[in-house]
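We have chain D; now place chains L and Y onto it with these hints.
Residue numbers (numbering that gives the first Met the number 0), protein chains in the order written: chain D, 0 to 428; chain L, 0 to 312; chain Y, 0 to 182.
Just so you know, these hints were derived from the structure itself, not from any lab.
For glycine and all other residues, C-beta sits at the position ideal for the given N, C-alpha and C.
Check the hints yourself; a few may be wrong.
Reference listing, derived: stretches of chain D covered by chain L, where coverage requires no fewer than 3 residues with Cβ under 8 Å from a Cβ of chain L [said to hold, decoys possible]:
1. 174-185
2. 193-199
Label-pair ranges, simulated between beta-carbon atoms [as the list claims (entries may be wrong)]:
3. TRP384/D <-> GLU98/L: 32 to 38 Å
4. SER33/L <-> ALA79/Y: 26 to 32 Å
5. SER6/Y <-> GLY45/L: 50 to 56 Å
Derived DSBU-like pairs: lysine-lysine, alpha-carbon spacing no greater than 35 Å straight-line [to be verified]:
6. LYS210/L <-> LYS155/L
7. LYS127/Y <-> LYS27/L
8. LYS16/L <-> LYS282/D
9. LYS282/D <-> LYS167/D
10. LYS59/Y <-> LYS34/L
11. LYS155/L <-> LYS127/Y
12. LYS139/D <-> LYS243/D
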Amino acid sequence: MKLVVKGARIVSPSEIAENDILIENGLIKKIAKDIKDPSAKTLDARGKYALPGFIDMHTHLRTPGREDEETIETGSRAAVKGGFTTILCMPNTEPAIDNYEIALRIRKEAEKIGLLDIFPVGAITKQRQGKELSEFGQLKKAGCLALSDDGSPVEDPSLLRKALEYAKLFDLLIISHCEDLSLSGGGILRESELTAKSGFSYIPEIAESVIVAREIELARFLEAKIHLAHISTNRSIELIKRAKKDAIRVSAESCPHYFSLSLEDIAKNFDSNYKVNPPIGTKEDRQAICKALASDIIDCIATDHAPHTFLEKEGTFYEAAFGMIGLETAFALSLRLVKERIINLEKLADKLSYAPSRILGLSDRGLIEEGRRADIAIVDLDKTWTLTEEKISSKSKNTPFLNQAFEGCVEYTLYKGKIVYKYTDDHIR
Amino acid sequence: MSEWSRKHLLGLSEMSKEEIEAILDSAKAFKEISKRQVKKVPALRGKTVVNLFFEASTRTKTSFELAAKRLSADVVNFSSKGSSLEKGETILDTLRNLEAYSVDIFVIRHNHSKAPFYLSTRTQASVINAGDGLNEHPTQALLDMFTVRERLGKLKGLKVAIVGDILHSRVARSNIWGFSKFSSQVWVCAPPTLIPKYYSCLPVKITYSLKEALSGADVVIMLRVQKERQSQMFFPSQREYSEFFSLNEENAKLLKEHSLVMHPGPVNWDVEIASCLKEKVQNLILEQVNNGLAVRMAVLYLLSIGKKYEVGS
Amino acid sequence: MEYKEKSKIIDSQEICRALKRLAHQILEKNPNPANLALIGIQRRGVFLAKRIQDIISHIKHVDVPLGVIDITLYRDDLTAVGPAPLVRQTQIEFDISTKVVVLVDDVLYTGRTIRCALDEIMDFGRPKRIELAVLIDRGHRELPIRADFVGKNIPTASSEVVEVKVQELDGKDEVVILEKNNE
Numbered sequence: 000m001k002l003v004v005k006g007a008r009i010v011s012p013s014e015i016a017e018n019d020i021l022i023e024n025g026l027i028k029k030i031a032k033d034i035k036d037p038s039a040k041t042l043d044a045r046g047k048y049a050l051p052g053f054i055d056m057h058t059h060l061r062t063p064g065r066e067d068e069e070t071i072e073t074g075s076r077a078a079v080k081g082g083f084t085t086i087l088c089m090p091n092t093e094p095a096i097d098n099y100e101i102a103l104r105i106r107k108e109a110e111k112i113g114l115l116d117i118f119p120v121g122a123i124t125k126q127r128q129g130k131e132l133s134e135f136g137q138l139k140k141a142g143c144l145a146l147s148d149d150g151s152p153v154e155d156p157s158l159l160r161k162a163l164e165y166a167k168l169f170d171l172l173i174i175s176h177c178e179d180l181s182l183s184g185g186g187i188l189r190e191s192e193l194t195a196k197s198g199f200s201y202i203p204e205i206a207e208s209v210i211v212a213r214e215i216e217l218a219r220f221l222e223a224k225i226h227l228a229h230i231s232t233n234r235s236i237e238l239i240k241r242a243k244k245d246a247i248r249v250s251a252e253s254c255p256h257y258f259s260l261s262l263e264d265i266a267k268n269f270d271s272n273y274k275v276n277p278p279i280g281t282k283e284d285r286q287a288i289c290k291a292l293a294s295d296i297i298d299c300i301a302t303d304h305a306p307h308t309f310l311e312k313e314g315t316f317y318e319a320a321f322g323m324i325g326l327e328t329a330f331a332l333s334l335r336l337v338k339e340r341i342i343n344l345e346k347l348a349d350k351l352s353y354a355p356s357r358i359l360g361l362s363d364r365g366l367i368e369e370g371r372r373a374d375i376a377i378v379d380l381d382k383t384w385t386l387t388e389e390k391i392s393s394k395s396k397n398t399p400f401l402n403q404a405f406e407g408c409v410e411y412t413l414y415k416g417k418i419v420y421k422y423t424d425d426h427i428r
Numbered sequence: 000m001s002e003w004s005r006k007h008l009l010g011l012s013e014m015s016k017e018e019i020e021a022i023l024d025s026a027k028a029f030k031e032i033s034k035r036q037v038k039k040v041p042a043l044r045g046k047t048v049v050n051l052f053f054e055a056s057t058r059t060k061t062s063f064e065l066a067a068k069r070l071s072a073d074v075v076n077f078s079s080k081g082s083s084l085e086k087g088e089t090i091l092d093t094l095r096n097l098e099a100y101s102v103d104i105f106v107i108r109h110n111h112s113k114a115p116f117y118l119s120t121r122t123q124a125s126v127i128n129a130g131d132g133l134n135e136h137p138t139q140a141l142l143d144m145f146t147v148r149e150r151l152g153k154l155k156g157l158k159v160a161i162v163g164d165i166l167h168s169r170v171a172r173s174n175i176w177g178f179s180k181f182s183s184q185v186w187v188c189a190p191p192t193l194i195p196k197y198y199s200c201l202p203v204k205i206t207y208s209l210k211e212a213l214s215g216a217d218v219v220i221m222l223r224v225q226k227e228r229q230s231q232m233f234f235p236s237q238r239e240y241s242e243f244f245s246l247n248e249e250n251a252k253l254l255k256e257h258s259l260v261m262h263p264g265p266v267n268w269d270v271e272i273a274s275c276l277k278e279k280v281q282n283l284i285l286e287q288v289n290n291g292l293a294v295r296m297a298v299l300y301l302l303s304i305g306k307k308y309e310v311g312s
Numbered sequence: 000m001e002y003k004e005k006s007k008i009i010d011s012q013e014i015c016r017a018l019k020r021l022a023h024q025i026l027e028k029n030p031n032p033a034n035l036a037l038i039g040i041q042r043r044g045v046f047l048a049k050r051i052q053d054i055i056s057h058i059k060h061v062d063v064p065l066g067v068i069d070i071t072l073y074r075d076d077l078t079a080v081g082p083a084p085l086v087r088q089t090q091i092e093f094d095i096s097t098k099v100v101v102l103v104d105d106v107l108y109t110g111r112t113i114r115c116a117l118d119e120i121m122d123f124g125r126p127k128r129i130e131l132a133v134l135i136d137r138g139h140r141e142l143p144i145r146a147d148f149v150g151k152n153i154p155t156a157s158s159e160v161v162e163v164k165v166q167e168l169d170g171k172d173e174v175v176i177l178e179k180n181n182e
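Excised from the complex, chain D in its bound form (with noise of 0.2 Å):
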């Protein structure tokens, strides 16, 4: 099976050049003027745009026990249609993927879907109760890249730093959901104005930054690394900094719905779909968001794709659960950075693809180079598109941008060199 993409702009970290691109057995073969080959297929992408399959260190799949949310399946779809061809799923699940069966099993029915690599993050205490380590060897040998209790922080200080110390000898990422709980306690929006205008039940941005220093301090101390889940503040960002600076082997990410909202977009209708956690911040943290993406004190952009049911996000904006999709917007959101001249092109294929690959040490993809997977995004930066509920491929329809106009999407997804995703106008699910 060979394929040539002809003629696409070819994104790198480094550089845009325009090539074209031989790939055979799912490996990219070789990147030339004009390559001829009459026993390949030709996929014409002039004009376009080729970008690194994209690497999602932050999914939820609600996979096993939520299949009513998603499922391997639907979210496979969803992803191949955001250009991801990489993506992690996290452990809160019911029950939690703590052991080696749960997340082989993951690993096998994605692999039997065949659409993406998907790695099920393990997670860092059994049955994320932070109480008890999990098997972190076990995890390993099913495929976990990395381990997290997302959806809660591990509280007990002396627990993460076992995890910490532990974790190195399998080589495991630790992920931290940073989120101090007795501070967040039954809070649902920003702390704020907002707040103290609208009397809502608050987190305030502490919440996060007095969690972000304790695991900063904690990977200082240990010479452990870790990363830092969906980052969302401000003085979040002020912490990494200083810690990069120190030579404190952090790496963070954020999300499209940090850098894309803030509390102004909630304050017009309260709708359920924008309630997350950690909360959308304000503008200056917004601000702070985008700056850190360009500077790189935030390595990666992360979707942090949480479906939830129509009825999990009916009702008012304290009975709504938390969480938005993002797997299937991520692009067109972060190409906004681009056409704000925020960050260019080269960037966004970092922090989409080769940042991730770098964090999670996976060497074969995150960049398009001769002998690297045929992993690829071929996109289209100016095509208009409306987000609409029947387009999504996700099994739910939770986002604040249902409805909203997009400019640039992901023409074709390729997967070890195989078209698993072609838009069409009417978008087939």
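Leaving out everything else, chains L and Y in the frame of chain D:
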């Protein structure tokens, strides 16, 4: 303003001074009805008012019920303690269910901020906010303002001091929006633990000194302090709280001759107000109850009569 | 709908004379003013009632009690009106049950306002009798109601509007006929 066209009463933050005045002016006319031999007018004959209370309340519910009855409306009370979700039903389900009875007005109390707003976007009926979470309690503030206007003859240029649990008070917030629209200066006074961090974004002056709050105040609104705030560590003990934040014979001297002391009730005597002031204060508190009825009649009337369109909020 | 002024039918002097005549007629029918009470209908009826009260006081040297009612809450078209009309003060601070109540309004037209006023007065008690005094009777009754005392009968077309202006509200006393502007 000669006519009313707002469909819902959700909060004073979004209302104009003229609209507030229209309610207060009407309330003056409605107050008279309760003095008649037959305390009932036919204005809302054939209208259905549902009191939809998701939070315990007797005072506000009684007041709305009587107000609606004196206007000849049919009134249904629906109370549900705790979250309706616990019964597997969302508040929207509850509303839809009751709406099938061709309801004209929902009077809604809910422990979630903006719940009445949420429901107002999903019903044909008018919605009156009877208290939503810690957000607003507009009719309570309107009756406070009505009482002040009746007693002091104006709402402009007053010093209004609100003392007590500001953090958990929707009454404080509504009064701040309301009084500030009439160029009165509202002060809030409480221990720092009971004032939200970003409260200074509201049109309000903040002080931790009761003396400063009371000095020269034309109106003092003492808020109820729930017993559980102590166990939640907002202050170490009731004794200490009342030492620094209760109105007593001594600090009452800082007030003016004409100053009004109000309380949304029920009062914890000797916690918020020293019991030796009971005689002085109680009459006005009872008058507030009476005025509350008039204000709620006015609101029910204005919202249920005529064609409505939604005024941008 | 726009209206234009068609003609002035009564000037201030004539209003003055008409009110005097009304006061005399009321006293003629009710020789004992101790039983009398006046109730003006909001808004212009209130000022006319006040003036009648003054005239009676001048003639008889007694103060006839004066009340005010707003009939808005008794209207039969409340469900049909546009925005809610604002309700004005009703104030009857005397016991009406021993009184002959004379209702005062500016214009008697369909009779619906008077029906409201009658119902409302009954909610204050049971007066001995209710009589009706109006400055203008323009005809076109829709209910079996008639005035006991009429300042002036003015035949009108239903397309016309009779507007009474009073010094206290409008800066001058006069009665004009307006007509729908069809241009």
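Against the structure, the hints come out as follows:
1. Evaluation of the coverage hint for the segment 174-185 of chain D: breached, as 0 residues show C-beta separations to chain L shorter than 8 Å, against a requirement of three.
2. By the rule of at least three residues with a Cβ nearer than 8 Å to a Cβ of chain L, the coverage given for the segment 193-199 of chain D holds, with 6 such residues.
3. Taking the beta carbon of each, TRP384/D and GLU98/L are about 37 Å apart, inside 32 to 38 Å as hinted.
4. Restraint check, SER33/L to ALA79/Y: a C-beta distance of roughly 27 Å satisfies the suggested window 26 to 32 Å.
5. Take SER6/Y and GLY45/L: their Cβ atoms lie about 42 Å apart, and the range 50 to 56 Å is violated.
6. The straight-line distance between the Cα atoms of LYS210/L and LYS155/L is roughly 23 Å, inside the 35 Å bound, and the hint therefore holds.
7. For the hint linking LYS127/Y to LYS27/L, the alpha-carbon distance of about 29 Å falls within 35 Å, and the restraint holds.
8. Proximity of LYS16/L to LYS282/D is assessed by CA-CA distance (about 30 Å); at most 35 Å being required, the pair is judged to hold.
9. As the CA atoms of LYS282/D and LYS167/D are separated by approximately 38 Å, the hinted pair breaks the 35 Å bound.
10. Using a Cα cut-off of 35 Å, the hinted pair LYS59/Y and LYS34/L holds, with the two alpha carbons roughly 31 Å apart.
11. Distance hint between LYS155/L and LYS127/Y is unfulfilled; the C-alpha atoms sit about 46 Å from each other, more than 35 Å.
12. Straight-line distance between C-alpha atoms of LYS139/D and LYS243/D comes to about 28 Å, which keeps the hinted pair within the 35 Å bound.
Against the hints set out earlier in the document, violations occur for numbers 1, 5, 9, 11.
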